[in-house]
Structures are given as structure tokens and as C-alpha cells.
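Participant: This is what each chain is made of:
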Amino acid sequence: MAKLTPLYFLIPFFALFTVFIILPLAYTFGLSLFNAPAAATSLFTNLVGGSQYSRVLSDVAFWQGYGSMLFLTCMWLPISLVGSLLIALFLDSRRGRLGAFGKIVVFLPYGVPTVIGTLMWGYMYTAGGPIYDLLAALRIPVNLLSPSAMIYAMLNVIVWEWMGYNVIILLAGLNAIPLHFYDSARLDGASSWQLTRYIKLPMLKKYLIFMSMLTIIGDQLLFNEPFTLSNLSSLPFGFTPNLYIFHVTYFLQEFNYAAAVAFIVIAISFIVAVIGVRFFRAED
Amino acid sequence: MTIAVLVALVLYFLLPLWWLAVSSLKLYGVEFSGNPLWVSQPTLFNYVYAFTNASYYPLARWLLNSVIESGFAGGLGALVAAMAGYALGKFRFRGRDAMTLLVAVALMVPSTAIAFPIFVLEQQAGLVNTYQGVILPSSVSAFAAYFMTIYAAESIPKEVLDAARLDGASEFRVFRSIALRFFRPALITLFVLIFAGTWNNYLLPLFVLRDASLYMIPQGLSTVLINGSTFPNLQFAIQVAGSAISVLFMVGLFVVCEKYIEAGLGLGAVKG
Numbered sequence: 122m123a124k125l126t127p128l129y130f131l132i133p134f135f136a137l138f139t140v141f142i143i144l145p146l147a148y149t150f151g152l153s154l155f156n157a158p159a160a161a162t163s164l165f166t167n168l169v170g171g172s173q174y175s176r177v178l179s180d181v182a183f184w185q186g187y188g189s190m191l192f193l194t195c196m197w198l199p200i201s202l203v204g205s206l207l208i209a210l211f212l213d214s215r216r217g218r219l220g221a222f223g224k225i226v227v228f229l230p231y232g233v234p235t236v237i238g239t240l241m242w243g244y245m246y247t248a249g250g251p252i253y254d255l256l257a258a259l260r261i262p263v264n265l266l267s268p269s270a271m272i273y274a275m276l277n278v279i280v281w282e283w284m285g286y287n288v289i290i291l292l293a294g295l296n297a298i299p300l301h302f303y304d305s306a307r308l309d310g311a312s313s314w315q316l317t318r319y320i321k322l323p324m325l326k327k328y329l330i331f332m333s334m335l336t337i338i339g340d341q342l343l344f345n346e347p348f349t350l351s352n353l354s355s356l357p358f359g360f361t362p363n364l365y366i367f368h369v370t371y372f373l374q375e376f377n378y379a380a381a382v383a384f385i386v387i388a389i390s391f392i393v394a395v396i397g398v399r400f401f402r403a404e405d
Numbered sequence: 050m051t052i053a054v055l056v057a058l059v060l061y062f063l064l065p066l067w068w069l070a071v072s073s074l075k076l077y078g079v080e081f082s083g084n085p086l087w088v089s090q091p092t093l094f095n096y097v098y099a100f101t102n103a104s105y106y107p108l109a110r111w112l113l114n115s116v117i118e119s120g121f122a123g124g125l126g127a128l129v130a131a132m133a134g135y136a137l138g139k140f141r142f143r144g145r146d147a148m149t150l151l152v153a154v155a156l157m158v159p160s161t162a163i164a165f166p167i168f169v170l171e172q173q174a175g176l177v178n179t180y181q182g183v184i185l186p187s188s189v190s191a192f193a194a195y196f197m198t199i200y201a202a203e204s205i206p207k208e209v210l211d212a213a214r215l216d217g218a219s220e221f222r223v224f225r226s227i228a229l230r231f232f233r234p235a236l237i238t239l240f241v242l243i244f245a246g247t248w249n250n251y252l253l254p255l256f257v258l259r260d261a262s263l264y265m266i267p268q269g270l271s272t273v274l275i276n277g278s279t280f281p282n283l284q285f286a287i288q289v290a291g292s293a294i295s296v297l298f299m300v301g302l303f304v305v306c307e308k309y310i311e312a313g314l315g316l317g318a319v320k321g
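Chains as they are written, first to last, in my numbering: chain Z, 122 to 405; chain P, 50 to 321.
This is chain Z alone, in the form it adopts within the complex (with noise of 0.2 Å):
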């Protein structure tokens, strides 16, 4: 008995983890090595090997989309680092009622579902929308929802969403500092500053490294809000590849290749994760 334990608490997740997680990888990952013909009636005709993926190499529109998406994380990460520390470290500081009121405020769009926060945020976006007043009348004349500004129409929807998460984390990490880790301090003289600068942020490391790397990855995975803004007006479908792959699947029914393409970015995803773990422990 107490060797299979352990056995008995996994078998209920394993379970369906083979069969929704596993099972249709592998499922995705044989489509990939085939190319079927529009007629055929199995989509495992016409064995191809790895020439799928070198297809999505040379894929023009999915690396497209790569590289717009990379600009948005370029932007999306040091706003969501320097806005969540900022915004932790102003609560940590204002415990009691004002900072459990301003906790509340900066976590409630994460309890928004995505594709409402995203039509939201669309129809504000949109002429006679409030942001499309505001900008009109701060004289810049941007409509958000053209194909040239979207990009900054969906990076304000991702950092409202996501902002309170980061927040809460790293609330979590200045809470886990030892109480007379000030005390020391203060007694030597440390002015709030010095506090901030030489214990609080060196503490809160591993929890920044941990969040740039949820971010990278996330922002492949993003798909309800490219969506929902696609719907509001013309986007690439490339804009960033989870899109790109229902794209493929869902409408040009081309499941071998998006197969493909899949696995290339769970590759991509799995070498940031590689290299943000290396990171990680190396604060350890």
C-alpha cells in the first residue's frame, strides 16, 4: 500500500491529462508529418516528414505576426514590471482600509471575462466611444481601432487585464520579508528609500524574473482579446500565433499545417521557459 500511494493521488489528473493534454498532441503532432488533400477522406494520407515545418519556416505571414508580437511583449513587459512594482510597492505601504480598497480596484478586471473586457475596451475605442473623446480632445488624432494603432489598442486591454495579477504576486513576495529586516534597517538610519532600494527589490527578484517569464509566454498564448478585437475590425490573422493557428485550423481547414505550426511555437515557448528557469535558479 504505501509504495502505490502515491500511484492512487495521481491516477484521477493522469487520467484526464492523457486523455485532453497528451492524447490530442500526439494526435496534432502525427498531423504535422502529413500533407492530406483537400479530398481525402482521412487527414493521415500522404506521409511529407518535417517538410510541414519547414514550410512554417518560411511562412511569411506567421513570422510576421511573430515579430509584431514581439514588439507588443517589448512593450507590454516593462509596463507590467515597472507599473506592478510601482503600484505593489505604493499599497505595501498604505496597509489598512485605503490599501485593501486599492488592492480590490487594480484585481477587479482580472474578474472580467476576456472577450467582454475586450468589447469593452472596443466600443470605447470606437468615434463617440469616451478614449476616442479623450483623444480627440488632447488634439491626438488616433483611432484605436485602425490597423496601424490597434497594436496600442491591444496592449491597453492586456495591461488592465493583467496588471492586478502581477500586483497581487508581488504584494505576496514584499509581505514574505521578514518584519525586523526594517527594524536592522531602520535602526542603522535607512531612510524609506534605502529600504526600498537595498531590501525590498532585491527580495522581490525572483518574483519579477518568475513574472517576465508568464508574460513571454503568455503573449504567444494570447487569443480571446486578438480575437474579439478582430471581430471589431480588420487584424492580421497572424497578429499573434495561437491566432494564427486557429486561423489555419478553423478557417483554411488546413490541419496539417497548423499542426505544424503548433509545435513549432510550443519549441519557442519551451526555449524561454529553458532560459527563464536558468535565471531563476540562478537566484536561488
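These aren't lab readings, by the way, just hints derived from the structure by calculation. Just so you know, nobody snuck in bad clues.
Ranges between beta-carbon positions, derived for each pair:
1) Z/Q185 with P/T279: 34 to 44 Å
2) Z/A311 with P/A212: 35 to 45 Å
3) P/T92 with Z/A182: 44 to 54 Å
In silico DMTMM-like pairs for lysine to aspartate or glutamate, Cα to Cα no more than 25 Å straight-line:
4) P/K308 with P/E203
5) Z/K327 with Z/D213
6) Z/K327 with P/E307
7) Z/K124 with P/D146
8) Z/K327 with P/D146
9) P/K139 with P/D211
10) Z/K326 with P/E311
Residues from chain Z that keep clear of chain P, each with C-beta distances beyond 10 Å, as calculated:
11) P158
12) F192
13) L206
14) H301
15) A311
From a predicted model like this one, the values you see are computed outputs, not experimental measurements. Ideal Cβ positions, reconstructed from N, Cα and C, are used throughout, including at glycine.
Given chain Z, put chain P in place with the hints provided.
Facilitator: Then chain P, alone, in the frame of chain Z:
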């Protein structure tokens, strides 16, 4: 200074929610005229209208479907993840590291990569167009299992478990009466996160559900959006009322569970 920063945070983070609340109290045709952030003659017409036309769009049914499917997925998902996390975090056995790695790699799988195979599989199993067809795949969360593994390792002192075993408690009893008690914040956190993930899921139901009477809220609302304007005022009523209620429900759940989520995420997400 404190007040100024708080006002700025409130303005930015609550603006869209305020806008939605205000818009839902306006009549179709005047929703874009006048002040977008204020309503001078509020009316509940949209809410009444949206719920009294079930033969066109069964909004109440969509909400009910969402509650049922998200609730079961959240409960089942949190429980199986807790069991697996307990085993991976608290026992040493062969293959443990490989299993943990497998779960971590599964975190990176794009939802679109497995939606179509899940559909194919469910077609074989007769799960297409059923509640279970949404609930079962939604309950599997690699994040939840990964999170629970770390949480289990950090939160339960080994001595407590060993003491119970010395008293003659069976392994299942140890799990039920001790581990689950320590897991409480984590279980609530995962229930809420899986619930929200299912509530938000647009992609899987799109592949798996056929009958409009089985739709969940996101798919229902986007059907209304895409179907266009046979009845523009009904379309408007359903969109604003459906969105407002859906948001209110989720936000309420998050606010009620905020304390647990903070405690849960703090321990489970980063350490290890």
C-alpha cells in the same frame, strides 16, 4: 498624494466597468449620444427585454450553462490537481521528476493546438454537444497541478503528516483530514481560476457545442454580435445586459475570494 494615486487607479481600472454599467441603463439608439460616462434617464428596459426573448436568444439559459459548466470544471479540476500535487510534492518515488517536468511543459501548449483533436476525440466518444464535453477538458489544468505541487511542498510540514500516520490514520484519511485543510486557500484559488478560465473559454465550446441552447456566455454573446441586426434593439439589450451580469458575477466571485487568492498565489506561484 495617497488620494491622488488612488483616484488615478480607480479612474483607469474601473473606467470600462463604469462605462458598461452606464451604457446598460441607456436605450438603443441613444447609447452613443450625450455623455458616454453618464446617464440622465436610467432605465432597466435592456435587462427586462434581454431576458424576455428566449425564443430568439436564450440569455438566461446561457448564464445557467456557464454557471453549471464552470462550477463542475472548477470543482473537479481543483480536486484532481490537489491530489496530484500532494503526490508530487509530498512523496518521493520513481518517475516523479519526469511527471513534474511533463506538467510544466504542458503549461506551454497553445489552446488552439489541442481544440481540434479534442473535438475529434469527443466525436468518437459521443461527448460532442454535451456538458461533459466542455467540463472534462476544462477541468484539466497543467497550471493547477504545477501550482499544487509547489504549494504542497511548501505548506504542509512533514511532521504533521507523519504524526497522523503514527496514530494509525490511513493515507486517504491523512489526505482528507489534514492535507485538504492546509490546501484550503490553494483549493479556493484554483477553483476560482479554473472557473474563470471555463467561464471565459470561447474556443473549446466553438468546436464542441452545436446547439445554441447549450452555449455559454462568450459564445452566445458573439453569436448575437455576428448574427447582426435583424432586431438591433434586442441585440443591443442582450449585449449590454448579458455582459453586465456576466461581469458582475465574476467580479463578485473574485472580490469574495480575494483574501484566499492572495494567500494562495503568494505561496503557490513563485517559490520552489
